[in-house]
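Peer 1: Okay, here's what each chain looks like letter by letter:
There are 2 protein chains.
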Amino acid sequence: MADPGPAARTPVDKLSAQAAAILTAWGLAPTQVEGTTRVMVAADLRGIESHGVSTLSLYDDFRRWGRLTLNPEIRVVRESPVTALLDGGGLGHAPGLQAMDLAVEKCARAGVSVVAVRNSNHFGAAGVYALEAVRKGFIGIAMTNVWRPGIVPTHGTTPMFGTNPIAFAAPAGRNQPFCLDMATSTVAFNKIKLANWAGKPIPVGWAMDGEGKPTTDSAVAAKHICLTPLGGVPAMSSHKGYGLATMVEILAGTLAGASFSAIRNVREPEAERYNVGHFFMALDPGAFRGEDDFKNDLDAMIDALHAVPPANPDQPVLVAGDPEQAAFEDRTRNGIPLSEEVRKLLERLAREARVPWMLG
Amino acid sequence: MADPGPAARTPVDKLSAQAAAILTAWGLAPTQVEGTTRVMVAADLRGIESHGVSTLSLYDDFRRWGRLTLNPEIRVVRESPVTALLDGGGLGHAPGLQAMDLAVEKCARAGVSVVAVRNSNHFGAAGVYALEAVRKGFIGIAMTNVWRPGIVPTHGTTPMFGTNPIAFAAPAGRNQPFCLDMATSTVAFNKIKLANWAGKPIPVGWAMDGEGKPTTDSAVAAKHICLTPLGGVPAMSSHKGYGLATMVEILAGTLAGASFSAIRNVREPEAERYNVGHFFMALDPGAFRGEDDFKNDLDAMIDALHAVPPANPDQPVLVAGDPEQAAFEDRTRNGIPLSEEVRKLLERLAREARVPWMLG
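So the sequences go chain by chain: A and B. Be aware that the first sequence starts at 25, since it is given in my numbering, and climbs by one per residue. Be aware that the second sequence starts at 25, since it is given in my numbering, and climbs by one per residue.
No lab work stands behind these hints, which were simulated from the structure alone. Mixed in with the good hints there might be a few duds.
Pairs involving identical chains hold if they fit within one copy or between any two copies, as the list cannot separate such chains.
[Claimed, not checked] When the alpha-carbon atoms are kept at most 30 Å apart in a straight line, the in silico DSSO-like pairs for lysine-lysine are as follows:
(1) Lys224 with Lys237
(2) Lys215 with Lys237
(3) Lys38 with Lys368
(4) Lys237 with Lys368
(5) Lys224 with Lys368
(6) Lys319 with Lys160
(7) Lys247 with Lys319
(8) Lys38 with Lys215
Given the sequences, and given the hints that come with them, work out the whole structure.
Peer 2: Encoded structure:
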């Protein structure tokens, strides 16, 4: 995505206000508006445009399909000193933030905690939640299953899992937090769409045709939505990515009592809610190490990784979270570079919702 | 490895006795002998020969290098109702089993627990520990860092992580447990050694030469031991495998206060102990779901995965743990098919240790 430069940057508060105005006009309750806006804009700040305000397009689809619950009650269904199960009832951002808050609170008292959410939906960028735990000095983990299957099991022909992401964040001292935020597919579907729009082929191992064969034809790949699990092909150990996608489905879906979407889509195609599930965990290094020992050791590791001689001097060795942190620092200061597509999307949604256009 | 057939199978109890006799003759304390033998033979039963009694070859190296602590004191260094830190002091099997036992005990009371081990060493197959939690109806997670770096970070030239495995197991009802047990490298180094012995090339993306370039020459790959992280090459998202390897290093190494081996190998090449670290976690589905709900839903998922139409009818879709479970059922009944190399290794070690040869 071409950066239009600082002059064309959109101030963070204006972007938040515009997104919130659209969601409010849709009839979404204030808690939902606040949570959804906060997580979307946090993703845009970290340079993860695919999970930023561009996801309003998906939520608009949900709304049109009658599948956006406007005023859900977020309930704590079960609770213990170190675990909890929440019922989300609508979009996943607000219950996701509440669940991670609860996990952090429990972890502060006990050293470790797990909070699951059921009856939820798309929650945006998983890394945003994991980083909430890091703000309190804890390790944070966030996972979610997905309403729509896209990943095909190794040796199979049909998609059974969403892109089932894993986010893992840990606090460093001198360095920015380590933050891994990855789909368990080889690549995001977005990369295939972009290749298709550009009429370009894709590498073997990104996607399959409808018969379980690897394809390099981006049009075929875009039509079938048969993503490969990380690894890509059996010879490159795609069974590991498939195993990781299943692990996420078990932790985020099965543990919470959420739907396994590949089955639900067949059994209950008209279900009012998607019943997506999330998994949140917080873990206190202070339960294991002395004051600052963990942060100091993580700093030493991050420094050692940054110091690895690169194969190509123009491409230094990075650590998970580096590009997002660089985007965050730039965008917090200079505003968010909206792409032309996203700007048009917001303009249309504002017009349709009859709210003022604030980014003109 | 060619199966010599049922006639040539080695009974499990004889194999255990032979391994235990060798370890005892080396001077290892009874707790160490028992734990190490149990985990090695459990791996052989599950068909994971690379982590079975064949690892006695590595432990023999440790012994010769003066790096095998014969009678370590396994100590609980810190403890809370849901966390603990153990000091292992020698091989990782005995403290690993003790740590997972402790995690299970804490989880039974609280719903979730994490136990870390520092000052340890090679602990065998991670899946063996994860399955210990499943025996009590819990989800089990086991990870370890590794004394010797082998995985090169994406865009880098030098190995910084061991094969840093992740094991995740979960209890089903009708079906066998789900059990993912994977190195975060694309493939195990063993596959490269075998290709080199056979004089065969390896696929692009398994390994790199000493300058960070992918190599298909198995001799070059065997010489440099520069494994790729899962994904293989940047275009196939090897940064995800690199991120996972780092995550395991943080959880198993940094959290426990173990050494980051890529640094230690430079700073303390003569350190008496490797100070490897492990991470164990137990999680009770009963803290989130009603009686049997989790198992029933996991059964439905496993059934759905087994029912996915395969791309090739001769290669059905499997679920993580299927091949190991099939081996377990066969080998429990019929004994363990030892390869000629492993048989020769055991014979040599028995002779050198002056213990009777029991597998003649």
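Peer 1: Now tell me, hint by hint, if it's right for this structure.
Peer 2: Do the hints match the structure? See the list:
1. Lys224 with Lys237: both (19 Å within a copy, 25 Å between copies)
2. Lys215 with Lys237: Cα proximity of Lys215 and Lys237: in one copy and across copies (19 Å, 25 Å).
3. Lys38 with Lys368: Classified as within: same-chain Cα gap 16 Å, cross-chain 73 Å, threshold 30 Å.
4. Lys237 with Lys368: Close neither inside one copy (37 Å) nor across copies (43 Å); limit 30 Å.
5. Lys224 with Lys368: within (25 Å within a copy, 55 Å between copies)
6. Lys319 with Lys160: within (13 Å within a copy, 34 Å between copies)
7. Lys247 with Lys319: neither (46 Å within a copy, 35 Å between copies)
8. Lys38 with Lys215: within (29 Å within a copy, 55 Å between copies)
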